[in-house]
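Start from chain A and add chain B according to the hints.
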Amino acid sequence: MYQFPEGFYTDVREETVHATTITIENGVLKENKTKKEQGVIIRLYDGRRWYISSTTEPDKVQQEIDSLAGMAVFCPNIEDDPVVKKYEVNQEVQLRYKDCDVSLVPNARKLAVAEQYADCLKACEKIPRWKVYYVDNHTRKHIVSSKGCDVTFDTQNCCVAPRYVLMKDEKPFYGRKDIYRMKFEELKGHEKELEELIREDLAYNENAVPVEPGEYTCIFSPAVTGVFAHESFGHKSEADFMVGDENMKREWAIGTRVGAELLNIVDTGMEEGSGYVPFDDEGTRAKKTYLIRDGILSGRLHSAMTAAALNEELTGNARAVSFQFEPIVRMTATYVEPGKSTKEELIAGVEKGIYISDYNHGSGMSTFTIAPNKAYMIRDGHLAEPVKISVITGNVMHTLHEIDGLSAEFELCSFALGGCGKMEQFPLRVGMGGPYMRVNHLTVQ
Amino acid sequence: MIKEKYILKNREINLSISGGEISSVIKKDITQSACRVYDQGFIGVAGKLGEADPELMEQAVENLKLQIPYEAQATAGKVRREDLAAQAMDTDRLLAENPDAPTSAAENLNTQSFTVENPQSFLKEVQEVLEILKKEYPQLIFGNKVRLSQLSRHLCNDAGTDLFFSDRLVSWELLVKHTQSINVFDDFLACAVRSFNRQAFLKEAREHLDAFLNPISLPDPDSSQTPSPKGRLLPVILSPMALGGFLVENLDALAFGHGTSFFNGKLGQKLFDEKFSFYVDRSSDSLGTAFFDAEGSTCENDRNYLIKDGVLQKPFADKKLAKEFGYENTATADGAYDSVPSNTDTCFTVESSGRTLRELIGERDGIYISVMSGGDFTSEGNFASPVQTAFLYRGGKLVGRLPEFHISGNIYDIFGANFVGVSCDKAYEGEFKLVVNMKVG
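Chains as they are written, first to last, in this note's numbering: chain A, 39 to 483; chain B, 9 to 449.
Excised from the complex, chain A in its bound form (with noise of 0.2 Å):
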C-alpha cells in the first residue's frame, strides 16, 4: 500500500468521518448539517524524535511519508528501539457498527426525533429559552504501520442533547439532558424522562439558596463520581506525566496506598458508550486498566512511549481527537467501581451534608474542582431544600481516603456535547462513572 522507508517506524492513520448536525431553537430549525471528512496523519520516528504530517489531502500520503524521511535521521536498528519493539501488531477488521451506520438513516428521520423532543421544551410555558441538539457520528479508522499493523474499526453514537434556561428572580438555570446511544432506534421514547427532570429543575430553581460555605460530608451523584475519578486521579494515571521525573516514579510506583480499601478506579476502551475504542490511534487493542485497586495504586494510561519508557505493558490510550493531532495519553471510559450500600444508606448516615446530584464542570490538580449544578442539603439524615454552590474542593490525595461509602447502584455516563480537553486537544470523547460515593472533609463555597 505505501512504500515505508527502511531506517523508521512509520504509520498511517486515514479518518472518515460522517456527522449529522441539527439544531432547534425556540422551535426554529438553526442547523442541519451531514458532513463527511476524510484525513490521514502520518507519523514517523526515527529513535529519537517523532515527525508528524497531517493532512486534507490522501492522495499526497506517499510524498508527506517521503518529505518526514527527509527530516529525520536513519536509524539502523529502529526494530530494536524500546518503543517499536513494544508496538501491537494487530490485523483485523472491527466494524461493529456496520449493519447499524448512522450514516445511512435519512436526514428526515433524524430531524423528526429531534423535533419530538422540541415539543416537550415547547409544551413547557416555564421555559422561556431552550434548544434541542441531535447530533450523530460515525467514525472509521484505518490504521497501518511498518511493523505490520492493520487494523480497521468504527464507533458510533447518536444522542439528543436538550438544554433549557428557567429564571426565578431574573436569575437563570441552565438544565439539561444526554440521550447518548448507540443506534439510532434507541433514541426514541424517553420523553418522560426530559419531562421529569425539567418538572425536578423547575422545583430546585424554585427552591434553591445560596449555601453557608464551610466544610462538608458530600454524596456525589455516579455522574459526579465518574467526574471526580476522572479529573481527580484519572489525569494523574497518564504516564506521559511521568515520563523523564524520577521523583514522580518515586511517588507514584505502583503498590502505594492512595486511597480508603474500599476504593477501585478502572479505565477501560472496551465499554459501549462515549469511551468506546476497540483500538488506540497507534493500533494497540484496548485493555481493562485498574488504576486503583482496593485503594492501592495498581496501574496507569500508556502510549507505546510512555510504556517503553516505565518498562509498563500497553493499555491502548493512545487517542487523539482527530486526524489533525498525534496521539497522547488520554482516558478512555474511567470510572469507580459499585460497592454495597444503597443511597439511601449513604445518605442516612450524614447529620449534615451536601448531595450533589449533577455539575457543570470539573478540573484536577493537586487541588480538585467541581462546580455543582444541582445540591441539595441533608439533614439528619435526609434530603433537604436545594442549594446553590460555586465550587466544591478538596486536596485530591487526601479526599482518595476519605471515601467512606459506595453505592451499588452504579451508571457508566456518556455525554453527547464537548468532551476532555488536554494540552491543545479538545474535545475528545470519555466516558465516566460510578456509583454514589460518600466523602468526608469537602470545602464548599
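Check the hints yourself; a few may be wrong.
Claimed, not checked - 27 Å max Cα-Cα, derived DSS-like pairs, lysine-lysine: (1) A:K221 - A:K136; (2) B:K274 - A:K206; (3) A:K68 - A:K287; (4) B:K283 - A:K209; (5) A:K209 - B:K331; (6) B:K142 - A:K287; (7) A:K73 - B:K17; (8) A:K226 - B:K73; (9) A:K326 - A:K390; (10) B:K434 - A:K209; (11) A:K73 - A:K221; (12) B:K283 - B:K17; (13) B:K143 - B:K405; (14) B:K73 - A:K68; (15) B:K316 - A:K209; (16) A:K221 - A:K325; (17) A:K209 - B:K143; (18) B:K322 - A:K169; (19) A:K460 - B:K153; (20) B:K278 - A:K206; (21) B:K447 - B:K316; (22) A:K209 - B:K278; (23) B:K322 - A:K164; (24) B:K36 - A:K74; (25) B:K36 - A:K185.
No lab work stands behind these hints, which were simulated from the structure alone.
Only chain B this time, still in chain A's reference frame:
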C-alpha cells in the same frame, strides 16, 4: 440567490515538548472550505476539507431544501484585506536588517523570521531556548507545546464582498514542574506574539521562574505594607477575560431577547465602575482574530462597546439575532466552517485603563495569578475559585510563589467598586493584565 465562499486555512509547525526536549515535530496544512447560498429567507451550506469546488456549491444549493431560515441579508459590497502575517514577516526582516531601528521597535531586535515553509530555523530556535532554560533551571521540567501558525480567513460572495485576513503567531505554552513535586504540573509559562523575541521571552521567563523557586507566604491585607481601603481584599492580576465568562454568558442577545439574562431590564443603566468598558475586539490587538466575523460583518474601528464607562450599552448579536430582536449587529457570528454562522462568545476584552501594570498596583503588593482552574459563578453572580499557582507582585516584578488559596467576589463588585483597571502594557504573557481587588483566603 447569492452565492458565497468561506475558506479557513491553517498552516502550522507544532512542536511537542517532553522533559525539555522536542519530542515531535508536526506539520499541518489544513484547508476548510464552505459554500453558502442565500435565497428567499433561507440558507444552504455545504463544507469540505480541502479547496472548494463547483460540486460543493451545487451541494449548498441542494441544501436549501433543508429550509433553514436565514432572514438577514448576505454582506454586500464590502472589500478589505488585512495580511498581518505578511506584515509580521516584513517587520522581522526590516528590523533584522536595521540595527538602528527606532527605540519603540527595540524589543523586536534580534527577532527571528520564521515561516512554516522552513521549519528548521524555528526548530533550532526552540531547541536553543529550551537548552538555556534547562541549563539555568535544572530543578524544573518543561513540557507541552510551542507553535508557529499561519492562519487565514477569506469570505467572498457575488454581492461584491471580498474580505481577507491572515495572521502569524508564535505561541509558547510550557507546563512547568518541579522535580520534587508530585503534581502533574505546577505552573504555566506562556507567551503569544506575532514576532518572537528570544531576549524578551527569556527575561520574562527568568523573572517568572525565579519567583516560582522562591516560596513565600500570602501577604496580609491588613498589614501596613499592603494597606487596603476595601477590607480584606488584595489586588489580583489576571488575564483580561479570566473573570469575563459570566458577562459574556449574560450579554448574549439570545439571552436578552428571551428574557433569560442576569442583566434583563438593565440596558442603559450604570452597573459597573466608570473605568470599566467591555467590547467586541476585532482589532489587531487581538492575536489571530479576523476583523470580520463569519457573516462578513465588521465593527467601526474594529471595536464595538457592550459596556462603556460602566453603562450597559447593548448585548452582542449576529445578523439574525439583531434582526429578530432589534439589536445592533456586533460582528460576533462564528461557528464551525461548515455551519450556519451563529452568535458566538469569542473576541471580547476589557478596555485598557491607560496605566501600566505597575501604576495600577502602585505601592501595594499584588497577587499575580498564573494557574486558576475549576472556579465558577453562581446564578447570583457570586464567583469563587481555588488558585493553584500565584506569585507576589512587588515593586514592578514577580518576587515569590504563594501557597494555594481561594479568591471570591460578586460580579457587581469585581467590575464595580473593586475594579482597578486593565494595564496598557503587555506586562506578562504577551497580554494586557486585569487588576481587581478580591477577597483572598
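We went through each hint and held it up to the structure:
no.: 1; hint: A:K221 - A:K136; verdict: holds (11 Å)
no.: 2; hint: B:K274 - A:K206; verdict: holds (16 Å)
no.: 3; hint: A:K68 - A:K287; verdict: violated (51 Å)
no.: 4; hint: B:K283 - A:K209; verdict: holds (26 Å)
no.: 5; hint: A:K209 - B:K331; verdict: holds (26 Å)
no.: 6; hint: B:K142 - A:K287; verdict: holds (20 Å)
no.: 7; hint: A:K73 - B:K17; verdict: holds (19 Å)
no.: 8; hint: A:K226 - B:K73; verdict: holds (25 Å)
no.: 9; hint: A:K326 - A:K390; verdict: violated (37 Å)
no.: 10; hint: B:K434 - A:K209; verdict: violated (36 Å)
no.: 11; hint: A:K73 - A:K221; verdict: holds (19 Å)
no.: 12; hint: B:K283 - B:K17; verdict: violated (38 Å)
no.: 13; hint: B:K143 - B:K405; verdict: holds (23 Å)
no.: 14; hint: B:K73 - A:K68; verdict: holds (14 Å)
no.: 15; hint: B:K316 - A:K209; verdict: holds (23 Å)
no.: 16; hint: A:K221 - A:K325; verdict: holds (24 Å)
no.: 17; hint: A:K209 - B:K143; verdict: violated (53 Å)
no.: 18; hint: B:K322 - A:K169; verdict: holds (23 Å)
no.: 19; hint: A:K460 - B:K153; verdict: holds (11 Å)
no.: 20; hint: B:K278 - A:K206; verdict: holds (23 Å)
no.: 21; hint: B:K447 - B:K316; verdict: holds (26 Å)
no.: 22; hint: A:K209 - B:K278; verdict: holds (19 Å)
no.: 23; hint: B:K322 - A:K164; verdict: holds (26 Å)
no.: 24; hint: B:K36 - A:K74; verdict: holds (20 Å)
no.: 25; hint: B:K36 - A:K185; verdict: holds (25 Å)
The earlier numbered hints that this structure contradicts are 3, 9, 10, 12 and 17.
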